[in-house]
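> Sequence:
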Amino acid sequence: MNAVDRIKQIQQQYQPLGVQFKFVYIAEAHAKDTWPLGIKTASSVTSTSSLEERRENALRLREKCDWAIDTFVDGMEDEMITKLAAWPLRYWVLKGSCVKLVAVPQHAHFKFGEIGDYLSKTLTEGQ
Numbered sequence: 001m002n003a004v005d006r007i008k009q010i011q012q013q014y015q016p017l018g019v020q021f022k023f024v025y026i027a028e029a030h031a032k033d034t035w036p037l038g039i040k041t042a043s044s045v046t047s048t049s050s051l052e053e054r055r056e057n058a059l060r061l062r063e064k065c066d067w068a069i070d071t072f073v074d075g076m077e078d079e080m081i082t083k084l085a086a087w088p089l090r091y092w093v094l095k096g097s098c099v100k101l102v103a104v105p106q107h108a109h110f111k112f113g114e115i116g117d118y119l120s121k122t123l124t125e126g127q
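Heads up: the sequence shown is residues 1 to 127, going by our numbering.
Be careful, since some hints might not be right.
Said to hold, decoys possible - Label pairs and their computed distance ranges (CB to CB):
1. K32 x N2: 17 to 27 angstroms
2. T46 x V93: 25 to 35 angstroms
3. W92 x C65: 16 to 26 angstroms
4. G18 x G113: 12 to 22 angstroms
5. K111 x Q12: 25 to 35 angstroms
6. D33 x T124: 44 to 54 angstroms
7. K32 x H109: 20 to 30 angstroms
8. S50 x K121: 34 to 44 angstroms
9. K32 x T71: 39 to 49 angstroms
10. A3 x K32: 28 to 38 angstroms
11. H109 x V24: 13 to 23 angstroms
12. K121 x E53: 37 to 47 angstroms
13. S50 x T124: 16 to 26 angstroms
Quick caveat, the hints were computed from the structure, so don't treat them as lab data.
Backbone N, C-alpha and C fix where the C-beta goes; we use that ideal spot for every residue, glycine too.
With the hints as constraints, model all of the structure from the sequences given.
Pasting the structure below:
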């Protein structure tokens with residue numbers, strides 16, 4: 001199961017319980033013109049030079065993944081990357097304006113059970 005499918009699964013489980021999920025599209029990870037990873041993992045997008053291009057890429061990705069999620073786009077100043085280390089995939093759990101959990105990849109992978117465990121515990125304890 002890929003990362004998006006795993007997040008969608010968590011979303012389907014917890015959204016009915018009041019948990020909100022948001023997707024923020026940032027600078028293109030491994031754009032074919034700036035940081036290609038090789039033929040098997042090559043991205044089909046190039047780095048963007050305008051907010052409109054970035055919006056188009058975000059919408060294409062959401063449609064490709066068949067993902068019903070509120071989508072936001074980081075500005076061309078890349079504040080999500082510089083201020084929150086949002087590169088290339090990251091997730092946070094927030095309560096109000098407080099960050100409660102930040103996923104940190106280990107060996108280029110996330111432990112998606114971590115977010116489910118945290119949400120289950122938080123919802124059970126009413127934190």
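> Could you run down the list of hints and mark each one as holding or not?
Here's how the hints hold up against the structure:
{"no.": "1", "hint": "K32 x N2: 17 to 27 angstroms", "verdict": "holds, 20 angstroms"}
{"no.": "2", "hint": "T46 x V93: 25 to 35 angstroms", "verdict": "holds, 32 angstroms"}
{"no.": "3", "hint": "W92 x C65: 16 to 26 angstroms", "verdict": "holds, 19 angstroms"}
{"no.": "4", "hint": "G18 x G113: 12 to 22 angstroms", "verdict": "holds, 21 angstroms"}
{"no.": "5", "hint": "K111 x Q12: 25 to 35 angstroms", "verdict": "violated, 19 angstroms"}
{"no.": "6", "hint": "D33 x T124: 44 to 54 angstroms", "verdict": "holds, 47 angstroms"}
{"no.": "7", "hint": "K32 x H109: 20 to 30 angstroms", "verdict": "holds, 23 angstroms"}
{"no.": "8", "hint": "S50 x K121: 34 to 44 angstroms", "verdict": "holds, 42 angstroms"}
{"no.": "9", "hint": "K32 x T71: 39 to 49 angstroms", "verdict": "violated, 22 angstroms"}
{"no.": "10", "hint": "A3 x K32: 28 to 38 angstroms", "verdict": "violated, 20 angstroms"}
{"no.": "11", "hint": "H109 x V24: 13 to 23 angstroms", "verdict": "holds, 20 angstroms"}
{"no.": "12", "hint": "K121 x E53: 37 to 47 angstroms", "verdict": "holds, 40 angstroms"}
{"no.": "13", "hint": "S50 x T124: 16 to 26 angstroms", "verdict": "violated, 45 angstroms"}
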